[in-house]
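Note that the protein sequences, when read in sequence, are chains A and B. If you use this note's numbering, the first sequence closes out at 334, no skipped numbers anywhere. If you use this note's numbering, the second sequence closes out at 334, no skipped numbers anywhere.
In case anyone wonders, no lab produced these hints; they're calculated from the structure. Hints are all accurate, no fakes.
Since copy identity is lost for identical chains, a pair holds within one copy or between any two.
PhoX-like cross-link-like pairs, simulated, lysine-lysine; straight-line CA separation at most 20 Å: (1) K148 / K187; (2) K148 / K216; (3) K63 / K148; (4) K165 / K196.
Bear in mind the structure is a predicted one, so any value in this text is a computation, not a measurement.
Okay, here's what each chain looks like letter by letter:
2 protein chains.
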Amino acid sequence: MATVTIPPSVPSPAEDCELLRKAFAGWGTNEDLIIQILAHRNSAQRKLIRQTYADIFKEDILKELDKELSNDFEVSLACTFCTSIMDLRYIDRVVLLWTMDPAERDAFLANEATKRLSASNWVLMEIACTRSSHDLFMARQAYHARYKRSVEEDVSYHTTGDFRKLLVPLLSSFRYEGEEVNMTVAKSEAKILHEKILEKAYNHEELIRILTTRSKAQLNATLNYYNNEFGNAINKDLKADPKDEYLTLLRATVKCLTCPEKYYEKVPRSAINKLGTDEWALTRVVATRAEVDMQRIKEEFQRRNSVPLDIAISRDTSGDYKKMLLALIGHGNN
Amino acid sequence: MATVTIPPSVPSPAEDCELLRKAFAGWGTNEDLIIQILAHRNSAQRKLIRQTYADIFKEDILKELDKELSNDFEVSLACTFCTSIMDLRYIDRVVLLWTMDPAERDAFLANEATKRLSASNWVLMEIACTRSSHDLFMARQAYHARYKRSVEEDVSYHTTGDFRKLLVPLLSSFRYEGEEVNMTVAKSEAKILHEKILEKAYNHEELIRILTTRSKAQLNATLNYYNNEFGNAINKDLKADPKDEYLTLLRATVKCLTCPEKYYEKVPRSAINKLGTDEWALTRVVATRAEVDMQRIKEEFQRRNSVPLDIAISRDTSGDYKKMLLALIGHGNN
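With the hints as constraints, model all of the structure from the sequences given.
Structure, rendered in structure tokens:
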């Protein structure tokens, strides 16, 4: 279900590194070459490239990209209407995120999401709910290594109220991943959910317990029973107040836990439909899903929007940034 | 700091297995032989014995012990004053727990602690607070494998109110384990703790956040500042109502997070001082700490009780159970 394409014959990591080094050298970088290499290597290959780059040049390739990113970031803040520099910034960000190891990338995104200027409950929820239990744990380990704190420590410190009540257990969970389902539990917990929603007790600890600890298979059974028994999908009942930010996050949580491709179809849809594209969201979805379920996301996107995702992205982005996104979502593949 | 003694020349796992097989055979078991072997092998060696036993006899050695345990359990319920049978039961339990892989043992104990007849918030708190972050995670993995659910799922389902509020994040945490300390955070969080304690808001989410997410080094700095600034150790201030079960658990949580050997010294002290020894507690402490910090627990016990732990255990237990406990705590070592 990944969309990344790997050439039939891949150069050695050392060859890739030599070319990348050249691409970084001099005034400005050669993005074309960077895209040509990195966008067509899978995570194991990128990891090897990073190790080899460090061996040969005694430099972390991420730091090279990061340097670019921070420079551009400053420039772009001073010059928000200059498309080419904005583009440069976005291309750097997507290359940086893409080149990271997936666990490290999640740690990076989660950390960013706790910072004041880039705070996002959505990103935290996404990471907590759409990764496998093992991958979420790997991200927590990477967070320790990089930030010398735990992710739940930072998230609980930087969030408050209902958001904290929901996000901290979501991120701390280590859900069972088997397919076993207990129908007695499904029935009784569907009733609890229904009761709490009727009472508008959306932050009730029982509702949060169920969503944050049950396995995805078990939750699915519970929510199916809910739908059959009470006549509505739970997310319909959670739409009481579409402007309530916590309720919106709760609906997205349910979506991410039960049908992530539907959630992920909507992120680029909203990103593109905005007045001025939301490149951060677009970048995040492409960089984090290209090797996971981008194929299904593309299918879902086309089904829902009657236009293929690559066309939609092409219309709304430009330059190297566009090239990189299209390469990652497998534009031109059959 | 372990107290287990390994003979200078250890027989091969196959030789150990042959002897163990003989010890299990026939009417009753030969506990002496079992103790002689299993109590003098470290966890890696016991793991090998278990694998070898399964290879040779197509039988999990734990199941053999478990069979004994369940039989004896029924008998002992019917005959609570029959010391020899009670002894048999305790010896089986300690051998069973000891033979388990540490992560599996923690999963087993945690699961037992969520069951109605053996429910124990204490055991859950102990596992959550005294294991390393890595070991706690291994126990969560073992819980998946054995019970097809997650530990936080079972614990949050089986607990309520303040106990749930404290235990679920404790068990879900993956604390950072570095020594780095942020003194600004230490000061501000010591103040928060003091405020909440003054308000008797012992279940306040900020108090729980601090105790359940901060690294042990950071907590230590916070609690030292608390002690210096407010004149009392936090546990003294938490003694407002010594009969309040939640407060007692909260104090034990602080103890386990900051000086586990003091907590663990007290468990056998209370177990032995009871009218009728609390063998479950005694067994748990010996089986879970013999390979970790039993040496420090023994030192602390002697310091606090003016009697060595092995003498105290000798006076209060008998038969094979006594032999096994004494072997594990290194009785007779220098």
